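Guided by the hints, dock chain F onto chain Z, whose structure is given.
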Amino acid sequence: MANEYRQNWDENGNILDPSMWLEDNNRLAGEVNGGLDRDNFPANTIVSTEMSGGDFVEVQMDSTNTAYSPDRTSTDWQGGSAAGATGLAMEEWVGEEDEHVDVHFNATWSWNGSTSIYEAGSTGNRPTQTDPNEQYYDTVELRLVVDGNVVATLGPFDDGAEYAATYGVASIQLPSGNHKATAECRCARRSIQSGSLRGVCTNTITFTARSLVVLERFR
Amino acid sequence: METHPLVIDAFAGMDQRFAAPAKQATRARDLTYDGRGAWTTAGGYRRIIAGTSNPFAASGAIESIHFFSQHNGSRRWLVYIDGSGNLYTFNPSTAARSGSPGDAAKDRTGTTITRAVVTSPWQRSQSACWGDHFYLINGINRPLVFNGYWWDYAGFSGPAGSPSATAMDYPLAVDSGGGGTDDVWHIPNTGLGPTSEDSTTDYICAYRYRVSFVNSRGQESPLSQPSDLVTFENKGGLTSQGQGRHFARISLPIGASEVVARRLYRTQNINDSNGDPVSGRGEVFYFHSEIQDNVTSLYQDSLPDGFLGSKVDDLNYGAWPLSAKFIAPFKGRLFLTGAGNSKVYFSRPGYPEMFPPENELDVGDANLGPITGMYATRNALVVFKARAIYLVKDAGNGVFQAQTLTREVGCSSPNTIREVPDLGLCFLAGESIGLLQGALEQDGTPTKVLNLAIPLPYTMRRLNRSALINACSAVHHKDKEWWLCVPTLGKADNNLVLVYHHEIGEWTYREKYPIASILETPDHRGHLYFGSYAESTSRAPDGVVNLGIMVYSRGWQYKGASTAIEPMYQTGEFTASPFRPMRPKGLILQSVLHGNNDLTVQVYSNRSATGWFTAAMTQDQQYIFDPLPVYGTAVFDGATTLYWQDARVGPQRFDFENVDAGPVTDCTVVFSPASGTRLMSLVAMTLEIASDDPRGKPMSAAS
Chain Z
606 MANEYRQNWD ENGNILDPSM WLEDNNRLAG EVNGGLDRDN FPANTIVSTE MSGGDFVEVQ
666 MDSTNTAYSP DRTSTDWQGG SAAGATGLAM EEWVGEEDEH VDVHFNATWS WNGSTSIYEA
726 GSTGNRPTQT DPNEQYYDTV ELRLVVDGNV VATLGPFDDG AEYAATYGVA SIQLPSGNHK
786 ATAECRCARR SIQSGSLRGV CTNTITFTAR SLVVLERFR
Chain F
4 METHPLVIDA FAGMDQRFAA PAKQATRARD LTYDGRGAWT TAGGYRRIIA GTSNPFAASG
64 AIESIHFFSQ HNGSRRWLVY IDGSGNLYTF NPSTAARSGS PGDAAKDRTG TTITRAVVTS
124 PWQRSQSACW GDHFYLINGI NRPLVFNGYW WDYAGFSGPA GSPSATAMDY PLAVDSGGGG
184 TDDVWHIPNT GLGPTSEDST TDYICAYRYR VSFVNSRGQE SPLSQPSDLV TFENKGGLTS
244 QGQGRHFARI SLPIGASEVV ARRLYRTQNI NDSNGDPVSG RGEVFYFHSE IQDNVTSLYQ
304 DSLPDGFLGS KVDDLNYGAW PLSAKFIAPF KGRLFLTGAG NSKVYFSRPG YPEMFPPENE
364 LDVGDANLGP ITGMYATRNA LVVFKARAIY LVKDAGNGVF QAQTLTREVG CSSPNTIREV
424 PDLGLCFLAG ESIGLLQGAL EQDGTPTKVL NLAIPLPYTM RRLNRSALIN ACSAVHHKDK
484 EWWLCVPTLG KADNNLVLVY HHEIGEWTYR EKYPIASILE TPDHRGHLYF GSYAESTSRA
544 PDGVVNLGIM VYSRGWQYKG ASTAIEPMYQ TGEFTASPFR PMRPKGLILQ SVLHGNNDLT
604 VQVYSNRSAT GWFTAAMTQD QQYIFDPLPV YGTAVFDGAT TLYWQDARVG PQRFDFENVD
664 AGPVTDCTVV FSPASGTRLM SLVAMTLEIA SDDPRGKPMS AAS
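Quick note, the sequences are listed as chains Z and F, same order.
In the working numbering, each residue carries its 1-based index in the first sequence increased by 605.
In the working numbering, each residue carries its 1-based index in the second sequence increased by 3.
Calculated from the structure, these hints are not laboratory results.
If you're wondering where the values come from, they're calculated on a predicted model, not measured in any experiment.
A portion of the hints provided could be inaccurate.
[Stated by the list, open to error] Beta-carbon label-pair distances, calculated as ranges:
#, chain 1, residue 1, chain 2, residue 2, range
1, F, 626, Z, 628, 20 to 28 Å
2, Z, 822, F, 514, 53 to 61 Å
3, F, 77, Z, 691, 44 to 52 Å
4, F, 13, Z, 626, 21 to 29 Å
5, F, 106, Z, 687, 56 to 64 Å
[To be verified] Cut-off 25 Å, straight-line C-alpha distance, at most; resulting in silico cross-link-like pairs (SDA-like, lysine to any residue):
#, chain 1, residue 1, chain 2, residue 2
6, F, 481, Z, 610
7, F, 481, Z, 645
8, F, 451, F, 463
9, F, 481, Z, 623
10, F, 314, F, 258
Ideal Cβ placement from N, Cα and C applies to all residues, glycine included.
Isolated chain Z (complex conformation) (with noise of 0.2 Å):
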């Protein structure tokens, strides 16, 4: 029963009491201001063409194809620092009140050189090892970061396929302001056996497609 009635009938020649005005807005002010349900917006009340964008969710996104390839002598985090056109993926925006934010990121990418398993004491590929039983592999490792937040990490991932594909998702609550989301990659060497970092890694890697979705919800 969403409909509302007329309270107060106007007549010629009546003194023009806003009592009675007011009586009718405040019928309609109490079914608006938080009485709205699912009697006012029945199916197919509203179309999409009657809503303008970003009333209910906004989407930001950085998507490419433009390959980069992280400097695999580091075992720092890289690639968040620019977007996906020079760097691994970032996304900036405003929020214009206090928000929920998915953020949605995917990634391919290849090895270049053949796989790379290491045995401790054996030559070449060899750094300083502590236990001569460990072997090594080239591994990256990806992460979502929103406001200098770590909101997910994936991987390590290893060397043993050439292509490889992740996705990761991450859902955080945001005040409005500025906010920014990367998507950033280590590379490094790493123990089978304990996963500890072992040196740098030997193959280089380039991400090639990916995407960094951010899905603005207000309230």
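What follows is chain F alone, placed relative to chain Z:
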């Protein structure tokens, strides 16, 4: 000439007694109490679907309307039945917009459901909400239940048909070698009755079955009569075909369309090891299994006794009393009554469609007339007879008892029973209007029945007693009114609305409302809806055909399309002694000054039907020294001194004289807006009188 004031410091509602105080109205029509002390113009009504095309036009008089909501009120419907018995669910938010009379009721297969409609006065269809389901009964057709999507028959009218069962030959005993192993002939945990590995030990077994139907709400029918006895002999031994336990095949009854599953119950082996029946064992049934369809006709039973479920008590099951006319949820049960006897039936707790045979109360005193209504409130279920009221109370442990409250007052009109805020339970009681007050508990608060109709003796005599069962009522919380819609002599339809302004305990009345059934939506909006019976000019109270569901509001200009709202207030009698009659000289009315539309005044003396003035006196409703701008004329363009102001109370003076009137001992004044206008708000008045006796001053009149 010296005059003296007779003061009414606050107008009150109607009191039809001869010697009522002058502040009480003789008549008060189309008025509502505004909470600040003014009697102001009441509203009108309009069809819920505006426009010249009436989608209800073919429906005939509305039989009854009901309200149903689901999901804490986020889905809502008006449920109504039209004069042809068509049952509709009407969502004003969608149906009104599309100009539709609503969705015709259909069962899950899409078949349209209709209801019986009685044209003579009757209690009409009654409804109750239970959880997210809406129950509808009329005492004639099978009860219905609506789940928000389709309608279904509620409960069961009787037990399921009895199953038949036969013993099968032997359990899966197919071995071409003519012999077998334990695994073949004695399948573990499979088959009926005991068996022995000793070929000289045989067991003669016997079983019986019962079946029940289950509907989509998990409500179960009464259990069928037991099947015939199934007997067989489990031969002992391990080596030959034909040894081992038997299976049984049960032929299951198929239910009606509302049945979605059937439940099978079975005895344990009735016989002892000698093959003799054990006394009583054939009457004890245990849950066997649920067949979750209404299609399977044959069922193969191989369940050993030890795997049966719990024992079933068929006293927990019962049919819906089909002829019950009244329904109310109370204490986790559904109560039914009005089945042509003095019994009140109540369901199993939590199972609103199952009425065990022992769940009934007899409220006795058949000579006090039929049961005429039922209402749950204040920890009691109030059951009305034509001349008695009973309180059904929970005595604990599922035991209910009926207490006789009174054998003096009853209810004549089931659809008038409403709880009025701050008062109690109000209802039409034939020659009186009952008010049941008190906590209905033995907590020191007196529980008593009062008569609200004491100020209305004339109106109560006008009621058409043979049609009082058609009366209906609703509480309109927004205006703090209880609407009691009643038929008067010569009419079977409700052509008079008595309005009880419960905030101040006063009565007014309204006419030309074709109310067949009325309700206030119990959501936060509180709309007052009613179904119209105005299907013909002769039947319509204003002679205007207007069918459908109507909504009342003070925002409407008319009653229906063009019938005027006619506010009128006639004061009580100012009375003087015949030894010192009075001569009214004028009056000062305190009223809300509504603008340039005139207020009219007519004076009647000595209870004459003829007023003093051929044309009533008229006057603007303005303060003469400070008139306010009015709607339709004033332009608020910033270049003038026009302004908004709340309506204010001010004096209006009317001077009059009638030299033709004889000595005046009684005087009454009638106020109404000028023809064509509708707004007035009366607060108080002073009648100025001079003495008609040259010897002295008049006596004071009652005021």
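Hint-by-hint comparison with the structure:
| no. | hint | result |
| --- | --- | --- |
| 1 | F:626 <-> Z:628: 20 to 28 Å | holds, 23 Å |
| 2 | Z:822 <-> F:514: 53 to 61 Å | holds, 56 Å |
| 3 | F:77 <-> Z:691: 44 to 52 Å | holds, 51 Å |
| 4 | F:13 <-> Z:626: 21 to 29 Å | holds, 28 Å |
| 5 | F:106 <-> Z:687: 56 to 64 Å | holds, 59 Å |
| 6 | F:481 <-> Z:610 | holds, 13 Å |
| 7 | F:481 <-> Z:645 | holds, 22 Å |
| 8 | F:451 <-> F:463 | holds, 21 Å |
| 9 | F:481 <-> Z:623 | holds, 19 Å |
| 10 | F:314 <-> F:258 | holds, 23 Å |
Checked against the numbered hints given earlier, the structure satisfies every one of them.
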